[in-house]
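**Student:** Sequence:
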Amino acid sequence: MFVGRATELALVRGELRAAGKGAVRRMVIEGPEGIGKTALLRQALGGEANVRVLAASGDEAERHLRYGIVRQLADQPWSVLDGTGPASTGPTATGPRGAGLRGSGLGRAGLREAGLRGIGLPGTGLRSARLRRSGLAGAATRSAATRGAAARDLWSVGEALCELVGRLQADGPVVVFVDDAQWADRASLRALGYLLRRLRTGRVLVVVSCRGTAAAWLPEGLRRLLTGDGGLRLVLDGLSAADLAGLTPDPLTERTARRLCEHTSGNPLYARELLATVAPTTLADPGARLPAPDAYARPFTRRLRACGAETRALVAACAVLGEPHPLHVVASVAGIVGEPLAALEEAVDAGLLDERPGRFVAFPDPLAQATVYGSLGAGTRARLHLAAARLVEHTGTALRHRAAAAGEPDEQLAEELARYAAKEAQHGLWLDAATHLELAAGLCESTARRDELRTAALRHLLLGGDAVRAAELAAVPNADPRPVRRYILGRLALAAGRLDEAADLLAAAWRNRSPRLAADTAEQLAWLHLVRGNRAAAATWARLAAEQPIQSTTGRPYDVLALSTTGRPYDVLALSTTGRPYDVLALSTTGRPHEVLAPSATGQLFDVPTLSATGRPHDVPVPSTGALGGGPAAEGIQAAVGFLREGEAGAAADVLVRAVAARDEAGLPHHRLIGGALLAVAEHCEGRWADAVTRAERALAEAEGLGQRWLLPTLHVVCVAPLAALGEHERALAHATAARAIARCQRNVMGETQADLALGLLGAGAGAGAGAGAAPAGADDPFVPDHRPQLIETLVAEGRLDEAEAELATLPGDGARARARRARLSGLLLAARNVPAEAEESFTAALSLLEGAGCPLEEARVLLDLGRLLRRTGRRRAAAARLRAAEAVFTQLGARPLVAGCAQELEACGLEQQGTVRLGLTPQEYSTARLVSDGLTNRQIARELLISVKTVEYHLGKIYTKLGIGSRVALAAKLAALEESA
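Here the sequence shown is numbered in the numbering used here, starting from 7 and rising by one per residue.
Hints were generated in silico from the structure; no laboratory data involved.
Please note that the accuracy of each hint is not assured.
Simulated restraints on C-beta separations [said to hold, decoys possible]:
{"hint": "1", "residue 1": "220", "residue 2": "286", "range": "21 to 29 Å"}
{"hint": "2", "residue 1": "897", "residue 2": "227", "range": "46 to 54 Å"}
{"hint": "3", "residue 1": "954", "residue 2": "747", "range": "30 to 38 Å"}
{"hint": "4", "residue 1": "268", "residue 2": "984", "range": "47 to 55 Å"}
By construction, the Cβ of each residue, glycine as well, lies at the ideal position given by its N, Cα and C atoms.
Hey, can you work out the whole structure from these sequences and the hints?
**Tutor:** Quick look at the structure:
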């Protein structure tokens, strides 16, 4: 199975096409063993008919056999690539390529015709006078030849090789492929150089694959030919984790694929072997040591055994130490008494170790360490780990070495590890703390203490955002009876998107809460209510979390409070002083407050899950909060949400950059992901669409890797708007569709609502073609750009001007950008009401407001709308000037749809007549035709051109008549043909 290498494949196939057209091409493919050099060429040649292949492969044992490669080229021209020869590692060739190789006529009869019979082949004889002159048979056995004789040999062999290639290319392109050229004999390499220098024209591609071109074995002339101008040099690196995941029919998780990639450096040969020999559970377990594949371990071990005792000891000490260490530390662990430089030199020369700056010593790759560590006996490992523990300075590293050396339970060491983990947690190093707690649990003899430590490790993993590792640890049997475990499992269920399970567990944790966990439990219940679409309940729980007397250092209740309230999020704090929590609960988005709250007969905070008339016992309780006090000043995300809702994206971005950095420093990746998503929204609103896409998709990939599945719908949605702005409609639709599917699977109401809003932005939502109407539920969601400007433009295009004016009155914001946006939309409304002078004044006012405000996107939108107005009032040259200015900004931003809109308006100005003249269409008809060819519906075209749907239908009728066609497909084909002939 071939995966990845799309760019390299395209380059190789391009070289092959160029050779097929009569240009001699040369190419070198470099990379370590197993990286896929031969597989790349085999894949590139797959399906290529009438391509003749002369293939040979070097072998270390035959490196001194003169002209060994030339003999392979003559006798087994397809041995490497189609699997018929001894050097093959792939399947037998089939299809057109295999038929072409087998029918090339390059058997012994073909050799006689090419003038190469008798190249030392058994039974061929030396009848050819030319071969007797060449002396090639004797060249294979001469022990010492004079310089002149060697030159004559090279000339004769080179000429014969040129003749063979010349005869073959008469029937089609020829590929001359020398694989593993680092083991090729120098005489053959010189003959290959002779061939390359003499081939001026012809349908020939010469490919050399090797581990590197810098080694001394490669003749200097051939090196210059392969790496100089006119040749293609491909240096293959390891495959990506995503590519390695495609090597197996059973899908690998993103985390497992990434671990496999790091361990093998992306080498497909080694990755395939590990996938075939290592259990999937071991691959997925980050705590399990992965072995080295035999293909790597055998030659490495052979080189290691050839070294002296001190060198082997130095290498073993490096394997136990793991990370790069100073040479004197490694030597002390190894027990080397004298000077270790000689041992280091031998290890470096053998390719076992690398010497880093500062005389640090390390392995060249993870597989080298795995090979050596796996070969050590248990006693040797324990002795070296204890020696390392005495020498390393870092306390945590020393503790880990002591734990690795322990052969039995050690309660004292377990408590030392637990105390050290507590110090790490104080600095936000949650994942490191979890690792040390797991080690401590493994050293405990007491079952109860072991379970407590694993529960603590589980909590630290969740605080560090790693829900995947947390789920693996949660699967380990644990009888910890404390309520904290139910809270932790509820938090894990929420992160994994199992909302019903999270509701049950968190409700039980709240019933049995301790003062130390009350704030954390309330905050998790707030997040749960938010993703289930119950904003009012989420806000109440968030305020309750903020009011607990004991606050967690990791709690961020104001984040969920900001996301669960509408309008200015600071104002919600005022509700906490009224003592009327039921007023807040009545604002629930479900419109069914009785499902949210069931009064407690005791008047205390609710101690049982709600058992409402819906019959859903998993409905989570909502507290009656009495008189809640105030809270701290608005935090970063809360302030940023307020700015976004006010239309001040720049201010929001400034706040979010600081907020994301603070959450990253605190080691809270799940909160950082939320902040990063909002920052991507702010970047989109500022017109930095490429940055927004990069940030949003990076956050999405990180959330998937961490197992934070509850955030996936939201993060998919955040990708939609900037992709749509860049014209990447298919990618945007894929994200929106994925968000809806995941949200429905989780019963994530917030995510499903966000997905519907995103699909609405793309015109793909339910009822998207039925015209604009009331704003959908959740339309003020900060993760989705404000739909109202687009809604107003749609209403104006459909002639529903009163509704557009009513929506315009609801637009918030007092900043320059918000006022400019209202002025622009007012101009659209006035233009639709046929008041062009007032419309122009509104557009001019918008430009004045944006002057110096640093909002190029909004300014370009105003210029586009003003250009449309000027064009429709007959001022075409003035319109064209504005449209070109807008087009320049949109081009710089990468906004392909808006660039196309400017181009259509410029066409309609009648100043750029190529398309209109050649097709015989009016500018308005040509603009309509362009949009039809882009796949827009009549309603979407009407919205783009600010005309009615009936006018679009009228233009289409005229277009079909003039062009003599009857369908949209035929129209798209007509325009495509016009562009190709331009």
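**Student:** Output the indices of the hints that this structure fails to meet, ascending.
**Tutor:** Going through the list in order, the structure violates hint 1 alone and respects the others.
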